[in-house]
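Colleague: Sequence:
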Amino acid sequence: EQMHNEGPYTPYGAKGVTVVFSGTVGGGNWGGVAFNPDLGYVFVNTSNLATIGKMVADGKGGYRNELAYTRFWDNSKYPCQQPPWGELVAVNANTGDVAWKVPLGIYEELVAKGIPPTGTPNLGGPIATASGLVFIGATKDSRFRAFDAKTGKELWTTKLEAPAVATPMTFM
Numbered sequence: 001e002q003m004h005n006e007g008p009y010t011p012y013g014a015k016g017v018t019v020v021f022s023g024t025v026g027g028g029n030w031g032g033v034a035f036n037p038d039l040g041y042v043f044v045n046t047s048n049l050a051t052i053g054k055m056v057a058d059g060k061g062g063y064r065n066e067l068a069y070t071r072f073w074d075n076s077k078y079p080c081q082q083p084p085w086g087e088l089v090a091v092n093a094n095t096g097d098v099a100w101k102v103p104l105g106i107y108e109e110l111v112a113k114g115i116p117p118t119g120t121p122n123l124g125g126p127i128a129t130a131s132g133l134v135f136i137g138a139t140k141d142s143r144f145r146a147f148d149a150k151t152g153k154e155l156w157t158t159k160l161e162a163p164a165v166a167t168p169m170t171f172m
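Heads up: the sequence shown is residues 1 to 172, going by the numbering used here.
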């Protein structure tokens, strides 16, 4: 069966499978955002993932989504669109411009084959500190990272025992 997408906000239809970007686990919809008032930057992590769906008659005069929450992934669980599949993005809140964005997360087996970081699906948000750092877990690769808030350069990373699918916290 052929798939289709007619651009942003394409609704699921009854005439074939629809590919929807961003999907049910896509976009910047988990964990919230962080803000650095000195830079005026808002930091958000995104999962650039699609979902597929198809509406079918429900026998009661309505329709239901036959493929509800189906991710658009291959058999190896890699998203079926161009990377980056996950990003950390800094947006200048004063102008709306993207100050920087970097892939967030890696697939070790792809890096071992010489493929640059693709980003991974991610759940959980970032925090920004007064010292100019952005911390985030969130990634499928079970890492916790620190980034330079001004440039997006990854400064530090550590491997965890499991994905950190929550927003970190800090206290004074």
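Honestly, the hints are just simulated from the structure, not real lab data.
Misleading hints may appear alongside valid ones.
[As the list claims (entries may be wrong)] Distance ranges between label pairs, derived from CB positions:
hint	residue 1	residue 2	range
1	Gly132	Val165	47 to 53 Å
2	Gly61	Thr157	50 to 56 Å
3	Phe35	Glu109	31 to 37 Å
4	Gly61	Gly132	57 to 63 Å
Predicted, not measured: the structure shown is a model, and the values here were computed from it.
For each residue, glycine too, the CB sits at the ideal point set by N, CA and C.
Colleague: Between Gly61 and Gly132, does the beta-carbon spacing fit 57 to 63 Å?
Modeller: 58 Å, holds
Colleague: Is the gap between the beta carbons of Phe35 and Glu109 within 31 to 37 Å?
Modeller: 35 Å, holds
Colleague: Should the hint that Gly61 and Thr157 are 50 to 56 Å apart at their CB atoms be regarded as holding?
Modeller: Cβ of Gly61 to Cβ of Thr157: about 54 Å, so the range 50 to 56 Å holds.
Colleague: Is 47 to 53 Å a correct range for the gap between the Cβ atoms of Gly132 and Val165?
Modeller: Once the Cβ atoms are compared, 25 Å apart, the range 47 to 53 Å for Val165 and Gly132 is violated.
Hint compliance for this structure: hint 1 is the single one not met.
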